[in-house]
Amino acid sequence: MATPLKRIRGLGAAHHGTETFWRQRLTAVANVPLLIFLIWFVVSHVGASYDKVRECLANPIVAVLMLALIWSAAIHMRIGLREIIEDYVHTKMCKTVSLMAVTFFAALVGLASTLAILKISFGS
Amino acid sequence: MTNKLEAERPLSPHLQIYRPMLTMMMSIAHRITGAGLAIGFALLAWWLVAVSMGPEHYECVQTFFGSFIGRALLFAFTWALIHHMLGGIRHLIWDTGTGLDKTTIEVFAWATIIGSILLTVLVWVIGYHQMGGL
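Protein chains in written order, with this note's numbering: chain Z, 1 to 124; chain C, 125 to 258.
Hints may contain errors.
As the list claims (entries may be wrong) - Short derived list, chain Z residues pointing at chain C, Cβ under 8 Å:
| no. | residue |
| --- | --- |
| 1 | 26 |
| 2 | 29 |
| 3 | 34 |
| 4 | 35 |
| 5 | 37 |
| 6 | 44 |
| 7 | 46 |
| 8 | 57 |
| 9 | 60 |
| 10 | 73 |
| 11 | 117 |
Please keep in mind that the hints were generated in silico from the structure rather than gathered at the bench.
Glycine included, every Cβ here is placed at the ideal spot set by N, Cα and C.
Take these sequences, add in the hints, and give me the full structure.
What follows is the structure, encoded as structure tokens:
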């Protein structure tokens, strides 16, 4: 009979155990306050001028929270979208391509947002 | 031969066999809102990039978000975000092993639905108030 130790050493069929599950929960917990912050930020800048919005986004606290949100949400989104594909797409080629596409999309959206925040912060 | 075996093997009942239930719909809604928020994220990225690129680009994005379609989209994304967040909090509570009895899951489901609608309306009322309208 397999002991718990023996079972955990293999870390399951995918060989990374509960890592994805845990990462999804970790980013979920982080996303709650960060998205409340985003909603607050957007709502409090409704109708504000371009200069005002840019100045507020350049604030280091705002910029750090935005970067944290972007990365946490991108990781969370990648896991969630992959889960949907893994559940419903069963053709091997189609599945591989869509799983790759999800990672590319998450990276693109995350990197573009990151660059935007950095540009705004450094004022270039 | 193979076909015959496949047809005869016992199959577990799938979705269409069940009467639609609230908790089941909530699970589906959680997935749909999650997938929809991916588009919302792309819009956020677009907005941030526009701010970084200068006033003309920002003006263009603001015109889109200010239009009827833009506002409708933003309203839908606000609801999807809050619904997915409340649904997620429900999942985090379940992860601790509590709140899994029949009554509580029904209460959680209704709390998510009603809470998401109320909070979405609240956010938009504050938003319009901020603009000086309403």
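Hint-by-hint comparison with the structure:
1. 26: Hint violated; residue 26/Z Cβ to chain C Cβ min 11 Å, cut 8 Å.
2. 29: The hint holds - residue 29/Z has a Cβ within 8 Å of chain C, the shortest such distance being about 7 Å.
3. 34: violated (11 Å)
4. 35: Holds, about 6 Å.
5. 37: violated (12 Å)
6. 44: holds (7 Å)
7. 46: holds (5 Å)
8. 57: holds (6 Å)
9. 60: This hint is violated: residue 60/Z lies away from chain C, its Cβ roughly 16 Å from the closest one there, beyond 8 Å.
10. 73: Result: holds, 6 Å to nearest chain C Cβ.
11. 117: holds (6 Å)
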